[in-house]
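Colleague: Chains as they are written, first to last, in the working numbering: chain A, 1 to 302; chain H, 1 to 302.
Read the hints as simulated data drawn from the structure, not as lab findings. Take the hints with a grain of salt, since some may be wrong.
A pair counts as met if it fits within one copy or between any two copies, since identical chains are not told apart.
What the hints assert, rightly or not - The calculated SDA-like cross-link candidates involving lysine to any residue, where the alpha carbons are at most 25 Å apart (straight line), are:
#1 4 x 289
#2 226 x 108
#3 2 x 253
#4 2 x 54
#5 274 x 43
#6 76 x 251
#7 141 x 43
#8 274 x 28
#9 274 x 49
#10 72 x 38
#11 76 x 49
Here's the letter readout for the chains.
Number of protein chains: 2
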Amino acid sequence: MKNKIAQEFQALQDRICAHLESLDGQSNFQEDLWQREEGGGGRTRVISHGKVFEKGGVNFSEVHGPVTDLMKKQLKMEGDTFYATGVSIVLHPHHPFVPIMHMNVRYFQLDETDYWFGGGIDMTPHYVNPAQAGIFHQGLKKICDKYHPEFYQKFKVWADDYFFIPHRNETRGVGGIFYDHLKATQEISKEQLLQFALDLGDVFAYLYAEQYEMGTSKEFTEEHIKWRNLRRGRYVEFNLVHDRGTQFGLKTGGRIESILMSLPETASWVYDFKPITNSDEEKTLSWLKKDVDWLSLCAKIK
Amino acid sequence: MKNKIAQEFQALQDRICAHLESLDGQSNFQEDLWQREEGGGGRTRVISHGKVFEKGGVNFSEVHGPVTDLMKKQLKMEGDTFYATGVSIVLHPHHPFVPIMHMNVRYFQLDETDYWFGGGIDMTPHYVNPAQAGIFHQGLKKICDKYHPEFYQKFKVWADDYFFIPHRNETRGVGGIFYDHLKATQEISKEQLLQFALDLGDVFAYLYAEQYEMGTSKEFTEEHIKWRNLRRGRYVEFNLVHDRGTQFGLKTGGRIESILMSLPETASWVYDFKPITNSDEEKTLSWLKKDVDWLSLCAKIK
């Protein structure tokens, strides 16, 4: 079945790239095929200097080989051989009112016996707009509900916990969903778990287009760009200091350029920046916390 | 003696700031006094939007308190109470041919029994010029040789090993000197170790001025600025992923803004950037390796 999953993930990568190129309308993805010495390889696709996207990547990979000591230590897992395939996306738009968005769906197998799915979609607005966050979460809940009544709530809390920057005491953005170690049960089959990942993948470009439309209805200034770059700095901090996927890749000899395609073209750090009281920047900071119920909030706004 | 060391370090901070302000000639350091709940505090001084410096920090801190479990784990040390004082500097200039420079001198004490000094100065040119690197290393060797004939060679190798970015397989820059766990011996007293740290501190602004003068003799273009920003991106990668001081500070609840003043105002990441063959950018990459003997190289150039 793993070959089928990898094929489905490649087809998913194709569909997502086609949708994002159509949204951008100016730039195209450039593809790099790469191989991994120990087994497998990938298709890294990067778009840059588009109309919508300053920089974005949609990566597919399928890697396998012996489980090294470093992997055992990093992943706390036992096994002789592993197989992993997935699609990873990070999009950095130009427009400060359009969010950074990230998606990952992956399948992991240990030897021939143990396997699990992981993944999720989360959003990092430079400026948090609760209505936009609510619509994003609604879209995710709709997919989750097709598969299990508890998925959305459980995976929403998981995302809040995962996409958190402890040293800043703030979330990376408005969260989304995150899941890992998902296996078939009596309630849901392995095929359905794959279909869940593909459904998430297929809604991704749609969710992004929705955010793009809402965000670009507003004009922006140089000051908004400065703030966007500061928020990108926090994104870099999360990815380099805390993200377990990035750490794992950097420490186990993953393909560096594919891993770090997640970093923005430009980011900025200003010493002890304090936003003006009651500004949109200060309001954004006040939203960067766990356990915000974006769905209820969105319903109230309406 | 620890109070004397802290006083000397504060006076050193004053002298360095005065020299760097005089070099900049336009901007001044802004000071933030801060206190640490568990004991001690610091004086963070940041200069920004100067003529020379886009962003720079010269920090003094003196902190003490109980050794926490997290500290034991991070530092692999045993003890009940600790005391630490030091001066840390990172300078990010505007000019692409002027290097980033970093200095740290510190004194650490465990309970009342165990103590050591640590520190060093290292340089990260955006464009490596072997003559400039040689002159920098000559300056460091001169100070080292005043204290011990083996210091320079030993600490130069240590810096090569410490300021290395494994996931890029390149050094952060042209190195310098780095030392840690330095204690008094029959050959060198505790007072002399303090004097060594102060001498390094006092030569820092001089070494920087020398580099500034050499670097600014060249004109630069927008392309040089783009490359400078890419190299700053690598500096961010080193500091956030590998630097033990930064990791320690972030994980043990240090003052975030003081720790991350080391990050540049702007940094950049471009997917799989490949410099043109035989360009200055490609030559720079070829120099970013361990064990380059900058002193001999510099002598040969002359």
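Colleague: Can you tell me if residue 274 and residue 43 fall within 25 Å by alpha carbon in one copy, between copies, both or neither?
Modeller: For residue 274 and residue 43, only the inter-copy Cα distance (19 Å) is at most 25 Å; the intra-copy one is 41 Å.
Colleague: Since the copies are identical, ignore which copy is meant and state whether residue 141 and residue 43 lie within 25 Å (CA to CA) inside a copy, between copies, both or neither.
Modeller: Neither: 30 Å inside a copy, 49 Å across copies.
Colleague: Under a CA distance limit of 25 Å, which applies to residue 4 and residue 289: within one copy, between copies, both, or neither?
Modeller: neither (39 Å within a copy, 44 Å between copies)
Colleague: If the cut is 25 Å between Cα atoms, do residue 2 and residue 54 qualify within a copy, between copies, both or neither?
Modeller: For residue 2 and residue 54, neither the intra-copy (34 Å) nor the inter-copy (52 Å) Cα distance is at most 25 Å.
Colleague: Under a CA distance limit of 25 Å, which applies to residue 274 and residue 49: within one copy, between copies, both, or neither?
Modeller: between (30 Å within a copy, 17 Å between copies)
Colleague: Given identical chains, is residue 72 near residue 38, meaning Cα to Cα at most 25 Å, within a copy, between copies, both, or neither?
Modeller: For residue 72 and residue 38, only the intra-copy Cα distance (16 Å) is at most 25 Å; the inter-copy one is 37 Å.
Colleague: Have a look at residue 2 and residue 253 and pick one of within, between, both or neither, based on CA distance no larger than 25 Å.
Modeller: within (23 Å within a copy, 43 Å between copies)
Colleague: When no copy is named, should residue 274 and residue 28 be tagged within, between, both, or neither for a Cα gap of at most 25 Å?
Modeller: Between copies, since 20 Å is at most 25 Å while 38 Å is not.
Colleague: Which holds for residue 76 with residue 49 at a C-alpha limit of 25 Å: within a copy, between copies, both or neither?
Modeller: neither (40 Å within a copy, 47 Å between copies)
Colleague: At 25 Å max between alpha carbons, let me know whether residue 226 reaches residue 108 within a copy, between copies, both or neither.
Modeller: Answer is neither; intra-copy 40 Å and inter-copy 39 Å both fail.
Colleague: Pop the pair residue 76 and residue 251 into one bin, within, between, both or neither, using alpha-carbon distances up to 25 Å.
Modeller: Both ways: residue 76 and residue 251 sit 14 Å apart in one copy and 21 Å across, limit 25 Å.
Going down the numbered hints, you'll see the structure goes against 1, 2, 4, 7, 11, while the others check out.
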